[in-house]
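The numbering of the sequence shown is numbering that gives the first Met the number 0, which starts it at 0 and goes up by one.
These aren't lab readings, by the way, just hints derived from the structure by calculation. There's no promise every hint is true.
Stated by the list, open to error - Computed beta-carbon distance windows for the label pairs:
| id | residue 1 | residue 2 | range |
| --- | --- | --- | --- |
| 1 | R14 | A127 | 34 to 44 Å |
| 2 | L33 | S80 | 15 to 25 Å |
| 3 | R146 | A77 | 14 to 24 Å |
| 4 | Q46 | A95 | 11 to 21 Å |
| 5 | D76 | W52 | 31 to 41 Å |
Note that the coordinates shown come from a computational prediction; the quantities given were computed from them, not determined experimentally. C-beta: ideal position from N, C-alpha, C; glycine also.
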Amino acid sequence: MSADPHRQSTPESARYLGFDFGTCSIGIAVGNALTGTASPCGVIRAQQGRPDWDALDPLLAQWQPAGLVVGLPLHMDAGESEMSAAARRFSRRLAARYHLPAFMVDERLSSREASGRMDGKARIQSKAQNDAAAACLILETWLQECRD
């Protein structure tokens with residue numbers, strides 16, 4: 000799942016789905032390589048890290064992405080954790096199920112930044128909204144890295 004070879008051939012008009020993986024919920028965003036921006040698509044439930052595939056299937060059919068981007072939760076020292084392994088497993092399952100390239104991107108502090116980006120209502124925003132906003136940041140980070 001090395002992103003570098005694929006990033007070089009990323010079509011500018013391609014659409015991608017981004018994921019903020021969690022064991023209970025997974026935030027989802029859609030973005031475009033041309034604009035480098037992403038919008039929240041929502042959240043699907045997960046049980047012990049297993050996504051609700053029945054909820055995810057229609058999103059993939061609707062958006063028909065060229066690839067999938069999953070946030071990789073790392074410790075602040077860039078070390079990996081149990082969640083890192085679970086996110087990598089989720090990424091592999093996505094790639095296999097949908098026959099699409101899946102990329103990982105460092106997501107350190109994405110949830111905190113997503114909460115900070117929300118307007119004055121941040122304290123009353125739901126976790127689901129924060130998860131979807133974090134997925135946007137994850138995807139935008141990856142899209143920016145594609146441009147660099």
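Hint check:
no.: 1; hint: R14 x A127: 34 to 44 Å; in the structure: 22 Å, violated
no.: 2; hint: L33 x S80: 15 to 25 Å; in the structure: 34 Å, violated
no.: 3; hint: R146 x A77: 14 to 24 Å; in the structure: 23 Å, holds
no.: 4; hint: Q46 x A95: 11 to 21 Å; in the structure: 19 Å, holds
no.: 5; hint: D76 x W52: 31 to 41 Å; in the structure: 34 Å, holds
Checked against the numbered hints given earlier, the structure breaks hints 1 and 2 and satisfies all the rest.
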